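Participant: Residue numbers (this note's numbering), protein chains in the order written: chain A, 3 to 398; chain B, 13 to 374.
Any given hint could turn out to be false.
[Stated by the list, open to error] DSSO-like, lysine-lysine: derived pairs with alpha carbons at most 27 angstroms apart: (1) K393/A <-> K259/B; (2) K348/B <-> K259/B; (3) K393/A <-> K143/A; (4) K110/A <-> K37/A; (5) K262/B <-> K58/B; (6) K348/B <-> K287/A; (7) K181/A <-> K47/A; (8) K287/A <-> K308/A; (9) K348/B <-> K197/B; (10) K393/A <-> K262/B; (11) K348/B <-> K390/A; (12) K296/A <-> K308/A; (13) K287/A <-> K266/A; (14) K308/A <-> K269/A; (15) K58/B <-> K348/B; (16) K259/B <-> K390/A; (17) K390/A <-> K253/B.
It is worth saying that the hints were derived from the structure and are not from the lab.
In this text the structure is predicted, and so the values were computed from the model without any measurement.
As a plain string of letters, each chain reads:
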Amino acid sequence: MDLNYSLEHESFRNEVRAFLAANGDKAPTGTIFRKQTKEDLGWQKLLIEHGYAARTIPKEYGGYGAETDILKSYIIADEFARQGVRPGHSGDFRLVPTLLELGTEEQKQQYIAPTVSGEMTWCQGYSEPGAGSDLASLSTKAVVDGDDFVINGQKIWTSGAHYADMIFCLVRTEPDAPKHQGISYLLFPMSTPGIEIRPLVNMTGDATFSEVFFTDVRVPTSQIVGARGEGWFVANATLKHERGGLGDPNQAEERFHSILEMMKQEKIDGVRLIDQPVYRDRLLKLQARILSMKFNGMRILSSSIKGDDPGLAAWIVKLQGCELNHQMAAMAIDILGEIGILYDDSPHLRDAGFWQYSYMLDLGLIIGGGTAQIQKNMIGERALGLPKEPKPQEVE
Amino acid sequence: MDFSLSEEQHMLQESISRLLTTECPLNDIRELVDSGGDCLTEVQQKIAESGVAGILIPENLGGVGLTLLDAALIAESLGGAVAPVPFIASSVMAPVALLEAGSDEQKEKWLPQIASGAAIFGTGVTEQIGNREDRGITASADGLNGTAMFVLDGMSADMLIIADDSGCMHLVDSQASGLSRQKLKTIDRTRTVAEVILDGVTSEPLPGSHSNREPLLKTIDAGRLMLAADTLGAAQYMLEKSIAYAKERKQFNRVIGSFQAVKHMCSEMVAELEPCRSLIWYAAYAGTSIPAEARMMACHAKAHLSEVGQFVARTATEIHGGMGVTDLLGLHYWFKRIGFNRQLLGAPELVREEAARAQGWV
Chain A
3 MDLNYSLEHE SFRNEVRAFL AANGDKAPTG TIFRKQTKED LGWQKLLIEH
53 GYAARTIPKE YGGYGAETDI LKSYIIADEF ARQGVRPGHS GDFRLVPTLL
103 ELGTEEQKQQ YIAPTVSGEM TWCQGYSEPG AGSDLASLST KAVVDGDDFV
153 INGQKIWTSG AHYADMIFCL VRTEPDAPKH QGISYLLFPM STPGIEIRPL
203 VNMTGDATFS EVFFTDVRVP TSQIVGARGE GWFVANATLK HERGGLGDPN
253 QAEERFHSIL EMMKQEKIDG VRLIDQPVYR DRLLKLQARI LSMKFNGMRI
303 LSSSIKGDDP GLAAWIVKLQ GCELNHQMAA MAIDILGEIG ILYDDSPHLR
353 DAGFWQYSYM LDLGLIIGGG TAQIQKNMIG ERALGLPKEP KPQEVE
Chain B
13 MDFSLSEEQH MLQESISRLL TTECPLNDIR ELVDSGGDCL TEVQQKIAES
63 GVAGILIPEN LGGVGLTLLD AALIAESLGG AVAPVPFIAS SVMAPVALLE
113 AGSDEQKEKW LPQIASGAAI FGTGVTEQIG NREDRGITAS ADGLNGTAMF
163 VLDGMSADML IIADDSGCMH LVDSQASGLS RQKLKTIDRT RTVAEVILDG
213 VTSEPLPGSH SNREPLLKTI DAGRLMLAAD TLGAAQYMLE KSIAYAKERK
263 QFNRVIGSFQ AVKHMCSEMV AELEPCRSLI WYAAYAGTSI PAEARMMACH
313 AKAHLSEVGQ FVARTATEIH GGMGVTDLLG LHYWFKRIGF NRQLLGAPEL
363 VREEAARAQG WV
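Could you put the whole structure together from the sequences, leaning on the hints where they help?
Facilitator: Printed below as a string of structure tokens:
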């Protein structure tokens, strides 16, 4: 245990701080998950030039081309979060690593650079109405006709489908193969004829994901990543990246500080909430959980730097991180009492309605990317070695 | 930046755990407590020989001069083995008190004896955390008077460190005239706590703690950290036993670990307990290297491990079904150790409130 940074990393942190002091005001606000605006693209370009976005992606594919230094990447993320400046991205965090690992040279040349710059945005076509937790049972089919696949079927929970230029999509190409071996991974434009997008309004009132319908959608067979029938294994490379991306301890700490500040401001009958022991105790219970997950994250970081397996520390991050965010939103609502039910653009609203929005959205995140129950199965089976549930026909 | 244990720390913990596995099996613990004993003396001697008794004591005073993190790793191993040997009071709290507030003479006299295992220390500080039963100690011209409750390792101790109502700590010989002690029976028979009654007992104050509560508070922080680490070890043991049992016990022609109900209980225990390990490491590191955060982290570690420990203790017991609650299986030794750790030196609500104070919220 030595939580001091080396001179090299200290000075790198100072460089990042100096950059943010000089340029932080140029950062766009609002979500990064949208059709990229001129400001979005300009900010991303500036960040790549300085090595603060797409840092380890090779220069020939539009990245900065630095050697991997996990601690430097962490320092960048940490400083941007501390200053409240919107960070850049490395293109689509699921697709780009997959293409770098498994794409053909032509695919890399064609897609990585515009994705990294933000000009080309992607959505992920995985889940289907009949294939959620059991994703490998997906049934959207693609049949070869001449030089094309012809795709028919439906996807659901497709985040960003309404603005994405492209989709990376799992389809069943080998209907007679066992379910994990009959899937292929295809890339195609969302403007391809035969694609219909129906936004799904979620309980927050927003539509961040959609249903996507395919009717005789023709995609050249060259648009496959990996071989026919290997799509499940190609996709697992990206699922790994998605699971790593949800449940961020830095974000949890920021939320915690917002709640603490709110408890120092908000009063009931003239008494600040932080001065009321019952509320304070609940806040302290949350704080211990948040700190534990923060230090758990530091432990994983150190393991990654050394190339060690972080083991159980990593298996639990999605489950605990998403749950913790949800619990924080729940607490923020409770400390606000009746004010806590205000929503939308109501008078007296606090934090622009963030807490109710987050309480509802975070429940979606507990479910999305592998439900809490699936996470518990994975921890039990893959990390602890408990046996799988027998298949129905094996049960007496 | 390195958030991990060193090679030496892994080796230290493994060697102590190995020693405890062979020298401190549950059967020996049962025999000891059934005969009313307080301490497996042979195990305590062997541990002292390995340097553990003087873990925090500087090398020039006969110890090995390691950090609170190293001590926490030992506490974790002792908790995992429910070892009935004094450690938290004698090898952590008393040395911290002496190092923080003792005179050179006191340090030179007592620290080498603690390190060699020649002297066992108990600590009585409970009334300075939260006074119950209107007890407490006052210091006056005729010596110390009053009652100190829950004196940790108090029955086997040769020497005691007792805090008076001003927060000043005193060295007291457990054989001193005017001192009487009685064992308080607790749920956890692997630990001893004593009620110590003082009637005009001669004592030697630790001068650095005179009109200065900080040494006492640091002593309590260190004790809380060790209790938390002990719970981590005990809870980890219960979790591992549960996983092993879930893989072996069959019902409805299946091992019970294949039922999601049972599997999810195991996963939930892991999900709660694994981040606690990082909390303990950080809190212990802060205790040595980040003074500004030390108290708050020690309090959080104590309170959070109490909560998670309680959850693991009951869940692990449930996974074992009816056997879980039997004396035959013996899992209750760990259940009770966790329950003991939760209450001593402040139950969770009280300790959390101190974490609030340490952050200036109160």
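Participant: Taking the numbered hints from earlier one at a time, note which ones the structure violates and give those numbers from smallest to largest.
Facilitator: Checked against the structure, the hints that fail are numbers 5, 7, 8, 11 and 14, while the rest are satisfied.
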